[in-house]
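Order-wise, the sequence lines are chains A and B. Counting in numbering that gives the first Met the number 0, the first sequence runs from 0 upward without gaps. Counting in numbering that gives the first Met the number 0, the second sequence runs from 0 upward without gaps.
Incorrect hints may have been included.
As the list claims (entries may be wrong) - 30 Å max Cα-Cα, derived DSS-like pairs, lysine-lysine:
| no. | chain 1 | residue 1 | chain 2 | residue 2 |
| --- | --- | --- | --- | --- |
| 1 | B | 241 | A | 42 |
| 2 | A | 129 | A | 35 |
| 3 | A | 44 | A | 79 |
| 4 | B | 227 | A | 32 |
| 5 | A | 35 | B | 227 |
| 6 | B | 241 | A | 79 |
| 7 | B | 241 | A | 90 |
| 8 | B | 241 | A | 106 |
| 9 | A | 99 | B | 241 |
| 10 | B | 241 | A | 35 |
Claimed, not checked - Beta-carbon label-pair distances, calculated as ranges:
| no. | chain 1 | residue 1 | chain 2 | residue 2 | range |
| --- | --- | --- | --- | --- | --- |
| 11 | B | 116 | A | 24 | 35 to 41 Å |
| 12 | B | 163 | A | 103 | 53 to 59 Å |
| 13 | A | 137 | B | 117 | 21 to 27 Å |
| 14 | B | 57 | A | 91 | 25 to 31 Å |
| 15 | A | 82 | B | 163 | 51 to 57 Å |
| 16 | A | 85 | B | 120 | 41 to 47 Å |
| 17 | A | 85 | B | 119 | 25 to 31 Å |
| 18 | A | 24 | B | 25 | 25 to 31 Å |
| 19 | A | 116 | B | 117 | 37 to 43 Å |
| 20 | A | 116 | B | 176 | 20 to 26 Å |
| 21 | A | 70 | B | 75 | 38 to 44 Å |
| 22 | A | 18 | B | 116 | 43 to 49 Å |
| 23 | A | 44 | B | 163 | 28 to 34 Å |
Everything labelled a hint here was simulated from the structure, so no lab data went into it. On a predicted model such as this, the values are computed, not experimentally measured, just so you know. Virtual Cβ for every residue (Gly too), placed ideally from N, Cα, C.
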Amino acid sequence: MTTIALLLASSAFASAPEDVVQYRHVQMEIAAKHMKSTTAIVKGKIERKQDLAAHAAGLQAVAATFGELFPEGTGPDKVKDTEARAEVWSKRSEFDTAVKAFQDATKALADAAAKGEDEAIMAAFGKVGKSCKGCHDNFKVEDEH
Amino acid sequence: MALAGDPAIGAALAGLGGCAACHTADGGPPWAGGHAVETPRGTFYGSNLTPDPEHGLGAWGFDDFRRAMREGRAPDGHAYWPAFPYTSFTNLTDEDLGHLWAFLQTLEPVARPDQPHEGIPPRWQLQVFRWRAFHEGPEPLDRGAYLGTAVGHCRECHSPRTWIGRIRTRHELEGGHAPFTVAPAIDPEALAGWSADDLDTLFTLGMSPDGDFPGGGMSRIVDEGTAKLSDADRAALIAWLKGG
């Protein structure tokens with residue numbers, strides 16, 4: 000009963016901007032971990048080719064809804080801890096195109112993993128990396144460690 | 000006199016040097032100039048490097064090119080602002096300058112006039128002599144240091160700068176900060192947690208050890224530069240970054 004009540008509550012009220020930001024951070028971290036594991040496999044550091052399809056599916060799942068995690072009111076003007084740039088909202092159609100590239104690339108990786116062809120996997124993996132970079136280039140603040 | 004250069008080698012050197020990043024306007028024709036480098040001492044625009052006789056380097060000879068790269072001077076003798084990192088390029092060998100020159104000759108000429116620099120404070124103009132106090136090369140360097148300092152000039156973005164914009168030489172690679180460049184520290188201490196293999200993954204696939212794909216200027220340096228290096232050169236560059 001409690002669970003149902005909570006679910007209902009979340010659909011009745013918009014999520015707090017801070018929670019949306021935290022959620023999308025976690026989603027990005029999930030994608031990063033899948034990419035990290037995928038790298039270890041494609042670089043031949045570990046013999047786990049049978050896991051590639053699962054990592055690709057995980058990446059696809061993040062990509063599928065990623066654009067929805069940037070609603071109005073969750074930009075750097077409203078929330079402190081976001082690394083998203085204001086351009087996500089001011090150049091929305093370009094951002095949507097970048098998210099679409101992420102979706103297409105992760106689908107290509109899933110297709111290649113299903114077929115199990117090394118060359119296609121490497122090519123698709125490169126495409127996913129490019130889609131990450133392409134979006135970070137324009138829509139994420141630059142790191143300063 | 001021009002040395003017999005190989006345009007393919009020149010293209011790889013230009014990729015590692017990231018030349019096109021500053022010498023191409025956002026969305027503009029490649030190598031025709033116009034990218035804005037914004038600094039607190041003015042906005043500098045990369046120049047047209049295509050062989051266009053009027054607006055590019057079409058009227059230049061190899062000696063003009065070598066002088067620009069090594070001494071930071073234009074054919075007419077005037078000093079370039081060091082937003083153009085000749086203080087790093089000064090250590091390029093004649094041979095590599097020949098390859099770069101050969102590569103530049105292969106570009107499509109584009110008749111795009113250079114955009115004048117903007118907002119340089121008059122007081123800063125007086126400081127240019129300090130800028131010009133640099134050790135002119137070429138200085139013999141081991142392969143990794145050569146790739147990282149003469150070609151790649153990592154320190155130009157990854158080092159803190161003084162108020163006039165000179166690199167703080169005792170703090171090279173300790174990270175660039177606003178209002179100049181914003182780039183993480185990459186000195187051996189900062190990279191202590193990075194294995195040589197982590198760096199190789201970044202330099203080939205563009206992925207950092209946390210699974211992130213850094214964007215910004217670096218992704219282009221990876222795609223057009225470090226990823227195209229020979230394995231031996233990449234290993235030398237990594238060894239240099241790790242402190243020898």
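Cross-check of the supplied hints:
1. B:241 to A:42: Satisfied, since the Cα-Cα distance of roughly 22 Å is no more than 30 Å.
2. A:129 to A:35: holds, 15 Å
3. A:44 to A:79: Roughly 39 Å separates the two Cα atoms, so the pair is violated.
4. B:227 to A:32: holds, 26 Å
5. A:35 to B:227: Holds: residue 35 of chain A and residue 227 of chain B sit about 22 Å apart, inside 30 Å.
6. B:241 to A:79: With a Cα-Cα distance of about 35 Å, the restraint between residue 241 of chain B and residue 79 of chain A is violated, given a limit of 30 Å.
7. B:241 to A:90: violated, 40 Å
8. B:241 to A:106: Given that 30 Å is the threshold and the Cα spacing comes to 37 Å, the pair is violated.
9. A:99 to B:241: violated, 38 Å
10. B:241 to A:35: holds, 22 Å
11. B:116 to A:24: 35 to 41 Å: Holds, at about 40 Å.
12. B:163 to A:103: 53 to 59 Å: Distance hint for residue 163 of chain B, residue 103 of chain A is violated at roughly 47 Å.
13. A:137 to B:117: 21 to 27 Å: holds, 24 Å
14. B:57 to A:91: 25 to 31 Å: violated, 42 Å
15. A:82 to B:163: 51 to 57 Å: violated, 31 Å
16. A:85 to B:120: 41 to 47 Å: This hint is violated: roughly 29 Å between Cβ atoms.
17. A:85 to B:119: 25 to 31 Å: holds, 28 Å
18. A:24 to B:25: 25 to 31 Å: holds, 29 Å
19. A:116 to B:117: 37 to 43 Å: violated, 52 Å
20. A:116 to B:176: 20 to 26 Å: violated, 46 Å
21. A:70 to B:75: 38 to 44 Å: violated, 56 Å
22. A:18 to B:116: 43 to 49 Å: The hint (43 to 49 Å, Cβ to Cβ) holds, given that residue 18 of chain A and residue 116 of chain B are roughly 46 Å apart.
23. A:44 to B:163: 28 to 34 Å: For residue 44 of chain A and residue 163 of chain B the Cβ distance comes to about 46 Å; the hint is violated.
When each numbered hint is compared with the structure, violations occur for hints 3, 6, 7, 8, 9, 12, 14, 15, 16, 19, 20, 21 and 23.
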